[in-house]
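**Student:** If you want the building blocks of each chain, they are given just below.
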Amino acid sequence: MTRLALFLLPALLCLTGCQREEQLGSGETLVEKANREGVLIMGNSNEPKGLDSQVVTGVLESNILRALFEGLVSDHPSEDATVLPAGAEVLEPDATATVWTAKLRQDAKWSDGAPVTAHDYAFAYQRILEPSFAAKYAEMLYFLKGADRFNKGETTDFKEVGVEVLDDFTLRLTLRGPTPYFPQILKHYTWNPVPRHAVLKYGTMTQKGNAWSKLGNIVSNGPYQLKSWRRNDHLEVERNPYYWGADKVTLNGVRFLPINNSYTEARMFRDGLMHVTYTAPPEIVDFMKKENPSVLRQEPYVGTLFFRCNTKRKPLDDQRVRRALNLAYNQEEICNKILRGYKPAYGMTPPMAGYDSPHAISFDPETARRLLAEAGFPGGKGFPRLKILLASRETAATVAQAVQAMWRKELGIEVEIENKEWTAYLAAMQEFDYDLASSGWIGDYLDPLTFLEMWTDGNGNNLTGWSSKPYEELLQKSHQEADAAKRYALLREAETIMTAESPTLLIAWYARNYLMDPAVEGWKPLLLDNHPYDVLRLRTK
Amino acid sequence: MTRIILSRLFQGLLTLFVLVTITFFLVRMMPGSPYTDEKALPKHILEQLKAYVGLDKPLPVQYLTYLKNLIVDQDMGILLKRDGVKVSEIISQSFPVSAFLGVLSIGIALIVGLPAGVIAAVKKNGPLDYACLGAAMMGICLPSFVIGPLLAVFAGLGLKWLNVAGWNTPTDWILPAVTLGMVNAAYIARLTRGGMLDVLNQDYIRTARAKGVPGHRIVTRHALRGGLIPAVAFVGPAFAGMISGSFVIETIFQVPGMGQHFVNATTDREYFLIQGLVLFYGFLIVGANLLSDLAQIALNPRLRASA
Numbered sequence: 001m002t003r004l005a006l007f008l009l010p011a012l013l014c015l016t017g018c019q020r021e022e023q024l025g026s027g028e029t030l031v032e033k034a035n036r037e038g039v040l041i042m043g044n045s046n047e048p049k050g051l052d053s054q055v056v057t058g059v060l061e062s063n064i065l066r067a068l069f070e071g072l073v074s075d076h077p078s079e080d081a082t083v084l085p086a087g088a089e090v091l092e093p094d095a096t097a098t099v100w101t102a103k104l105r106q107d108a109k110w111s112d113g114a115p116v117t118a119h120d121y122a123f124a125y126q127r128i129l130e131p132s133f134a135a136k137y138a139e140m141l142y143f144l145k146g147a148d149r150f151n152k153g154e155t156t157d158f159k160e161v162g163v164e165v166l167d168d169f170t171l172r173l174t175l176r177g178p179t180p181y182f183p184q185i186l187k188h189y190t191w192n193p194v195p196r197h198a199v200l201k202y203g204t205m206t207q208k209g210n211a212w213s214k215l216g217n218i219v220s221n222g223p224y225q226l227k228s229w230r231r232n233d234h235l236e237v238e239r240n241p242y243y244w245g246a247d248k249v250t251l252n253g254v255r256f257l258p259i260n261n262s263y264t265e266a267r268m269f270r271d272g273l274m275h276v277t278y279t280a281p282p283e284i285v286d287f288m289k290k291e292n293p294s295v296l297r298q299e300p301y302v303g304t305l306f307f308r309c310n311t312k313r314k315p316l317d318d319q320r321v322r323r324a325l326n327l328a329y330n331q332e333e334i335c336n337k338i339l340r341g342y343k344p345a346y347g348m349t350p351p352m353a354g355y356d357s358p359h360a361i362s363f364d365p366e367t368a369r370r371l372l373a374e375a376g377f378p379g380g381k382g383f384p385r386l387k388i389l390l391a392s393r394e395t396a397a398t399v400a401q402a403v404q405a406m407w408r409k410e411l412g413i414e415v416e417i418e419n420k421e422w423t424a425y426l427a428a429m430q431e432f433d434y435d436l437a438s439s440g441w442i443g444d445y446l447d448p449l450t451f452l453e454m455w456t457d458g459n460g461n462n463l464t465g466w467s468s469k470p471y472e473e474l475l476q477k478s479h480q481e482a483d484a485a486k487r488y489a490l491l492r493e494a495e496t497i498m499t500a501e502s503p504t505l506l507i508a509w510y511a512r513n514y515l516m517d518p519a520v521e522g523w524k525p526l527l528l529d530n531h532p533y534d535v536l537r538l539r540t541k
Numbered sequence: 001m002t003r004i005i006l007s008r009l010f011q012g013l014l015t016l017f018v019l020v021t022i023t024f025f026l027v028r029m030m031p032g033s034p035y036t037d038e039k040a041l042p043k044h045i046l047e048q049l050k051a052y053v054g055l056d057k058p059l060p061v062q063y064l065t066y067l068k069n070l071i072v073d074q075d076m077g078i079l080l081k082r083d084g085v086k087v088s089e090i091i092s093q094s095f096p097v098s099a100f101l102g103v104l105s106i107g108i109a110l111i112v113g114l115p116a117g118v119i120a121a122v123k124k125n126g127p128l129d130y131a132c133l134g135a136a137m138m139g140i141c142l143p144s145f146v147i148g149p150l151l152a153v154f155a156g157l158g159l160k161w162l163n164v165a166g167w168n169t170p171t172d173w174i175l176p177a178v179t180l181g182m183v184n185a186a187y188i189a190r191l192t193r194g195g196m197l198d199v200l201n202q203d204y205i206r207t208a209r210a211k212g213v214p215g216h217r218i219v220t221r222h223a224l225r226g227g228l229i230p231a232v233a234f235v236g237p238a239f240a241g242m243i244s245g246s247f248v249i250e251t252i253f254q255v256p257g258m259g260q261h262f263v264n265a266t267t268d269r270e271y272f273l274i275q276g277l278v279l280f281y282g283f284l285i286v287g288a289n290l291l292s293d294l295a296q297i298a299l300n301p302r303l304r305a306s307a
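Those protein sequence lines, which keep their order, are chains A and B. For the first sequence, UniProt numbering gives the first residue as 1, with consecutive numbering after it. For the second sequence, UniProt numbering gives the first residue as 1, with consecutive numbering after it.
There may be inaccurate statements among the hints.
Stated by the list, open to error - Straight line, CA to CA, 20 Å or less: simulated SDA-like cross-link-like pairs of lysine to any residue:
hint, chain 1, residue 1, chain 2, residue 2
1, B, K39, A, G443
2, B, K43, A, T155
3, A, K152, B, G84
4, A, K208, B, G134
Said to hold, decoys possible - Here are the computed distance ranges between Cβ atoms for each label pair:
hint, chain 1, residue 1, chain 2, residue 2, range
5, A, P470, B, K39, 50 to 56 Å
6, A, K541, B, R28, 56 to 62 Å
7, A, E37, B, E89, 26 to 32 Å
8, A, K541, B, L157, 38 to 44 Å
9, B, V18, A, G522, 56 to 62 Å
What the hints contain is simulated information worked out from the structure, not anything from laboratory work. Each residue gets a CB set at the ideal place from its N, CA and C atoms; glycine is no exception.
Turn these sequences into a full structure, and let the hints steer you where they fit.
**Tutor:** Laid out in C-alpha cells, this is it:
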C-alpha cells in the first residue's frame with residue numbers, strides 16, 4: 001500500500017503538471033492568458049463587505065465601486081488635482097463656490113439600459129442621509145446645506161437639504177459654505193448615484209439589507225458591470241455595454257482577489273497568477289529591489305502614521321511632555337530602516353495639491369530633553385512607565401520598538417508595548433483606556449481638511465481628549481473662505497496650533513509598496529490610489 | 001444499539017444547547033462591538049444600527065430572541081458588517097468547499113497514515129519503524145504554515161507543476177489537501193502503531209502465531225480490527241475539524257472555505273456569524289463523534305456486546 005502511494009503521488013503530480021499546461025495553453029501563465037483576454041487581475045486584500053456605495057466604508061470596496069459606478073465627476077488617471085467630467089458634462093459653481101449646478105449627460109445609462117437622471121442622484125443623497133438608513137459614511141455629505149440636521153433627525157423635510165432637481169438632467173447642490181474644492185469631494189463613492197428603480201424593486205429606500213446590490217440584481221452606471229462573485233475567492237467585473245463611454249473603455253474586465261495574506265499574494269504574483277498585488281511585505285520589497293526592480297512600485301499615498309496621546313492622562317496632559325516625546329525619535333531612521341518608502345512626517349497633513357504642512361516636527365533630542373526637564377522629569381527621572389498600545393500588526397510593533405529604544409537613549413525613559421487584537425485595540429482607544437496608541441489615517445479626499453477636521457472637539461475620530469478653541473475657529477473660518485490660497489493659509493495656521501500642542505506624535509507619511517506586472521500600461525502613481533481602470537491596457541507579447 | 005444512538009443524540013443536543021449559550025455570552029463579553037471601526041461612527045448612527053438588529057436590548061432579551069429565531073424560525077441571523085447577508089448563506093457557500101477539501105485530506109491521511117502505522121508496528125524497532133516514526137514526528141512537529149508554503153514554493157514556483165494558490169482548477173486541490181492530509185496522517189500513523197502494538201502483544205495473537213497462522217494473516221484478520229480503534233477515535237473529531245475548514249491552509253492556498261470566516265468573524269465581532277459557525281462546528285463534532293462511536297462499536301466486540 002505504501003509503495004503504491006509512493007508511486008502514485010509523483011505520478012499524480014506529473015499528471016497535474018501536464019493538466020496545468022493544457023489548461024493555460026502551452027506554458028502560458030494565468031497572467032499571460034488574462035493579457036490576451038484584456039482582464040486585469042488585482043489583489044484586493046479582503047472580501048468586500050458589500051457593493052452598495054451608501055453602505056460600505058472601506059478602501060477595498062472603493063476599488064471595486066470605482067469600476068462599477070460613476071459619480072458626477074471621476075478621477076484623472078495621472079493627475080491627482082484634476083477631476084474629469086463623468087456623470088455631469090458640466091459642473092458649475094456660483095461666484096462664491098457655494099451653489100453648484102450639474103448638467104448631467106443625457107446618454108448616461110444604467111447597465112439595464114435605464115437612463116441615469118438627476119432623480120437618481122437626489123434619491124441617493126436622500127437615502128444616505130435618512131436617519132433610519134443609518135449610513136456609516138453619511139457625514140461625507142455634510143458639505144450639503146442642512147444635511148447634518150436632516151441626518152441627525154433635527155428636521156424631517158428633505159427640502160431643507162441643499163439638493164434640488166431642476167429637471168431630469170439638471171441638479172443643483174447648495175453647500176454649507178464656499179467649497180472651491182468640492183469636485184475633489186465629489187470623487188468619493190458616497191456621492192455616487194444609486195439606481196432608484198432597482199433599489200425600489202427589491203425593497204424600500206431605507207431598508208437595511210436591500211438586495212438590489214447582490215449578484216444578479218445589481219445594476220451599475222460605471223464602465224463595468226458585475227460578472228461573478230464567489231466569496232473569499234474572486235469578484236469579477238466585465239464591460240458595461242450601456243456605459244456612455246463604452247467605446248473608449250480599454251480593459252475588458254477586472255478580477256479582484258480577496259487575498260489577506262501578503263506572502264500568499266507575493267507568491268501568487270511570482271507564479272504569474274496576478275498582475276497587481278495589494279501590498280508587498282518589507283522582506284519582499286528588499287528581495288524585489290535586488291531581483292526584479294521593474295515590478296516593484298513604491299509610491300506616496302495620502303496617509304499619516306502617528307501615535308495618539310491620551311491627553312486626559314498624566315503626564316501626557318502636559319504639552320511639553322508630548323512635544324518632548326515627539327522630538328526625541330529619529331523619523332528618518334525609522335523610515336529608512338523599517339517603513340521602506342515612507343517619508344518622515346513634519347506635519348499632520350501629507351503634501352497634497354499645493355498644500356504644504358507647517359514644518360513643525362523634526363528630530364531634536366536636545367530640545368526634547370530640555371522640555372522634559374521643564375515638565376519636571378530631568379533626564380527622565382520620575383517619568384511614569386507609559387504603554388504604547390498597538391494592534392497585532394508586525395510593522396507597527398517594529399516602529400514602536402524603535403521609538404521605545406530611541407526614547408530610552410535620548411530621554412532616559414522607559415515605555416512598554418501593549419499588543420491587542422484589532423477590535424480590542426480600537427475599543428481601548430475609544431474608551432480612552434490607553435496612554436499612547438499607534439495609529440494611522442488615510443485621507444478620504446484630496447484636501448487638508450480630511451486630516452484636520454477629525455481633531456475637533458467631539459469628533460469620533462479624535463480620541464485624544466485634546467481640543468483647542470482657536471484651532472476650531474480657524475477651521476470654521478476656512479469653511480467660509482472661497483479663496484483657495486487664503487483658505488490654505490487658515491488651515492496651515494490651524495495645523496501649526498495642532499502640531500505645536502502635539503496631541504499626536506507624528507512619525508511618517510504613508511507610501512504604497514506593491515508589485516505590478518510590466519504588462520500593465522497606463523497605471524500612474526496617484527496620491528489617493530484611485531486608479532480608473534477603463535484607461536489601463538494590458539500588453540501581450 | 002438504538003438506545004446508544006438515542007442517548008448520544010440527547011447528549012449531543014444538550015451539548016449544542018450549552019455551546020450556544022456559552023458562545024452567546026462569551027462573544028458579547030469581547031471588547032468592542034461589530035460597530036467598532038477605525039473611523040468612529042457618530043452616536044446617532046450607532047444607536048440606529050444597534051436598534052436595527054436588537055443590540056440595544058438587554059442581554060437576556062437578546063439571548064431569548066436569538067434562541068427563538070434559531071429554534072422556531074431556523075434563522076441563525078444576519079451579518080452585521082455585510083448588509084443583507086445571512087449566516088446560513090455564508091455557511092452554505094463555504095461549507096461545500098471545506099467539506100470537499102476535508103474529504104480529500106482525510107483520504108490522504110488514511111491512505112498514508114494507516115499503512116505507515118501498521119508497518120511501523122509490525123516492523124517494531126526496525127529501520128522501517130524508525131523511518132515511519134521519524135516521518136510522523138516531523139509531520140506532527142512541523143506546523144501546516146511551514147509545510148504549506150514549502151510545498152507551494154517547491155511544486156509551484158520551483159517545478160511549475162501546480163499553482164501556488166487559488167481554487168480554480170482541480171489541480172488546485174492537491175497542495176492544500178496534501179498539506180492538511182499529511183499533518184493528520186502523522187497522528188493517524190502514531191495512533192495506529194500504538195493500537196497495533198497493543199493488540200499484537202495480546203494472548204490471542206500469540207495463540208494464533210503458535211498455531212502457525214501466517215504473519216500477514218495475523219495482521220489483516222486478527223490484529224487490524226482492534227488496532228485501528230485509537231485511530232478511528234481520532235478520525236471522527238479530526239474529520240469534523242477538517243471539513244469545517246482550516247484557517248491556516250485556506251489562507252495560505254486561498255481556498256474559499258469556512259476557515260477564513262471563523263477567524264474574520266471573530267476579528268470583526270460578527271456576533272451572529274461566530275455563533276452560527278460555532279453551532280455548525282458543534283453539530284459536525286457531535287455527528288462525527290457519533291459516527292466514530294458507532295465505528296468503534298462495530299470494530300470492538302466487547303463494545304458491541306454491551307450495546
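**Student:** Look at each hint and say if it fits the structure.
**Tutor:** Hint-by-hint comparison with the structure:
1. B:K39 x A:G443: holds, 11 Å
2. B:K43 x A:T155: Holds, at roughly 17 Å.
3. A:K152 x B:G84: violated, 24 Å
4. A:K208 x B:G134: Violated. A:K208 to B:G134 sits at ~57 Å, over the 20 Å cutoff.
5. A:P470 x B:K39: 50 to 56 Å: For A:P470 and B:K39 the Cβ distance comes to about 26 Å; the hint is violated.
6. A:K541 x B:R28: 56 to 62 Å: 57 Å Cβ-Cβ, so the 56 to 62 Å window holds.
7. A:E37 x B:E89: 26 to 32 Å: holds, 30 Å
8. A:K541 x B:L157: 38 to 44 Å: Since the Cβ atoms of A:K541 and B:L157 sit about 21 Å apart, the hinted range of 38 to 44 Å is violated.
9. B:V18 x A:G522: 56 to 62 Å: Holds, since B:V18 and A:G522 (Cβ atoms, about 59 Å apart) stay within the stated range.
Hints 3, 4, 5 and 8 from the earlier list are contradicted by this structure; the remaining hints agree with it.
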